[in-house]
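S.K.: One letter stands for each residue in the lines below.
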Amino acid sequence: MKLDDIARELGLTELTPKVTGDREAEIERGYASDLLSDVLAHAPAGGVLVTLQVHLNVIAVASHAELAAVIFAGGRRPEHDVCVKAIAEGVSLYVSPADTFDVVGRLSALGVKGNHA
Amino acid sequence: MTPPAIVERALAEGLGMIAVCDHNSTLNSAAVQEAAGARLCVLAGMEITTVEECHVVALFPDAEAAQAAGAEVGATLGQVDDGYEAFFGEQRVLAADGSERARETLALATATPLDVDAAVRLVHDHGGLAVAAHIDRRSFGVIGQLGIFPADAGFDAVEVSRHVAPGSPDEAQFAVHGLPVVHSSDAHFQCDIGAARTFVHCERPTFAELALAFAGARGRSVGDA
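Sequence order for the protein chains is A and B. With the numbering used here, letter number 55 in the first sequence gets 55, and the count goes up by one each step, no holes. With the numbering used here, letter number 31 in the second sequence gets 148, and the count goes up by one each step, no holes.
Among these hints, one or two may not hold up.
[What the hints assert, rightly or not] Far from chain A, some chain B residues (derived; all Cβ distances over 10 Å):
hint : residue
1    : Met134
2    : Gly206
3    : Gly215
4    : Glu221
5    : Arg238
6    : Pro267
7    : Cys308
8    : Arg314
9    : Arg337
[Claimed, not checked] A few chain B residues that don't get close to chain A, going by computed Cβ distances all over 10 Å:
hint : residue
10   : Ala147
11   : Gln184
12   : Arg279
13   : Gly284
[As the list claims (entries may be wrong)] Derived, one-sided and incomplete: chain B residues facing chain A with beta-carbon distance under 8 Å:
hint : residue
14   : Asp232
15   : Ala235
16   : Ile260
17   : Gly261
18   : Gln262
19   : Leu329
It is worth saying that the hints were derived from the structure and are not from the lab. Where a beta carbon is used, it is the ideal one built from N, C-alpha and C, also for glycine.
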């Protein structure tokens, strides 16, 4: 499933429309965690992260873990500088009003898998 | 733990300076300072829980600055509800003789809405020093919560728990941020006091000297005995 399709299906608000990454890339894997050390250790490359953390370090961690996108759950919006860094790093950012459980459930229903599926 | 008991234990452990750092509160600092008198330097501090669930240890120049910072942090917290004390314990505000003055009704065990940068700013605004607490721990340390040390936050020092031995390779990995590494007991019980300690090369045990040591200024430093 492509990022644009995921965003449409989940009703996500995109924060980084200027990201010029590979919009056609298939998102096959996902990860959910608020501990960024855990994200660094376990998030799948090319995948999508669902998190509550909106600290600037999310972008450094997402970039290092080679994540394609981050979905901030619970309607949490990062500061502007986080979006600027994300655009520079080519990481797409989205906000969902739904909480983490619901976002992950809907991603799963769309066929996005976790590490052990 | 009562102010007199804390002071006696610290003196018995041979400590020259301690900091009182209740979670999100500074209400007990002055009482411990009073109990210590001139026998022991007691810094008024606070352990702030940020919105990312990182712990930031704040050390203030005096009780007044601490109270002002504590009031600012307290204004962000909600009230305790039924069952809070049963789970988190009693939040007693003590006098210098150990008697109970009041019960704090703010939910000190919860996270504040302050992010790490804002917490460090708040501490600095009140003339304090901001220390990234127990950065070796997986929970509530800035590296555990944020994955990477937030170099731009403006911390004055990093703290490691008693599980990291001074001079060990473990300690060396936390010195890479260019900040002094302090060892603290993070004592939650009287018997923990002195379980870890930091050697500070300075003229006398005061906040001002500690600030110089953190900055590595005028020959002061933090490090080996």
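S.K.: For each hint, tell me whether it holds in the structure or not.
M.R.: These are the hints, each one checked on the structure:
1. The Cβ of B/Met134 sits about 31 Å from the closest Cβ of chain A, beyond the 10 Å cut-off, so the non-interface label holds.
2. Even its closest Cβ contact with chain A, about 25 Å, leaves B/Gly206 beyond 10 Å, as expected for a residue assigned away from the interface.
3. Here B/Gly215 stays apart from chain A, with its beta-carbon at least about 39 Å from theirs, past the 10 Å limit.
4. Against the 10 Å criterion, B/Glu221 stays outside the reach of chain A, whose nearest CB is about 27 Å from its own CB.
5. Even its closest Cβ contact with chain A, about 14 Å, leaves B/Arg238 beyond 10 Å, as expected for a residue assigned away from the interface.
6. The claim that B/Pro267 is not at the interface with chain A is violated, since a C-beta of that chain comes within 10 Å of its own (minimum 6 Å).
7. With a closest Cβ-Cβ approach of about 30 Å to chain A, B/Cys308 is found to remain outside the 10 Å limit, as its non-interface label requires.
8. Residue placement check: B/Arg314 keeps its beta carbon more than 10 Å from all beta carbons of chain A (closest about 27 Å).
9. For B/Arg337, the shortest C-beta to C-beta distance to chain A comes to about 31 Å, beyond the 10 Å cut-off, and the non-interface label holds.
10. For B/Ala147, the non-interface assignment is confirmed: its Cβ lies about 33 Å from the closest Cβ of chain A, beyond the 10 Å cut-off.
11. The beta carbon of B/Gln184 sits about 29 Å from the closest Cβ of chain A, which is more than 10 Å, so the claim that it is off the interface holds.
12. Its beta-carbon lying about 21 Å from the closest one in chain A, B/Arg279 satisfies the requirement of being farther than 10 Å from that chain.
13. Distance check on B/Gly284: its Cβ is at least 25 Å (rounded) from any Cβ of chain A, clearing the 10 Å threshold; non-interface status holds.
14. With a least beta-carbon distance of about 6 Å to chain A, the hint placing B/Asp232 at the interface is held under the 8 Å criterion.
15. A hinted interface residue such as B/Ala235 counts as satisfied when its beta carbon comes closer than 8 Å to some beta carbon of chain A; here the least separation is about 11 Å, so the hint is violated.
16. Restraint check, B/Ile260 versus chain A: the minimum CB separation of about 6 Å is within 8 Å; hint holds.
17. The interface hint given for B/Gly261 is met, as the beta carbon of that residue sits about 5 Å from the closest beta carbon of chain A, less than 8 Å.
18. The closest approach between the C-beta of B/Gln262 and any C-beta of chain A is roughly 6 Å, which is under the 8 Å cut-off, so the hint is satisfied.
19. Hint status for B/Leu329 relative to chain A: violated, with the closest Cβ pair at about 30 Å, above 8 Å.
Violated hints, listed in ascending order, are 6, 15 and 19; each of the other numbered hints is respected by the structure.
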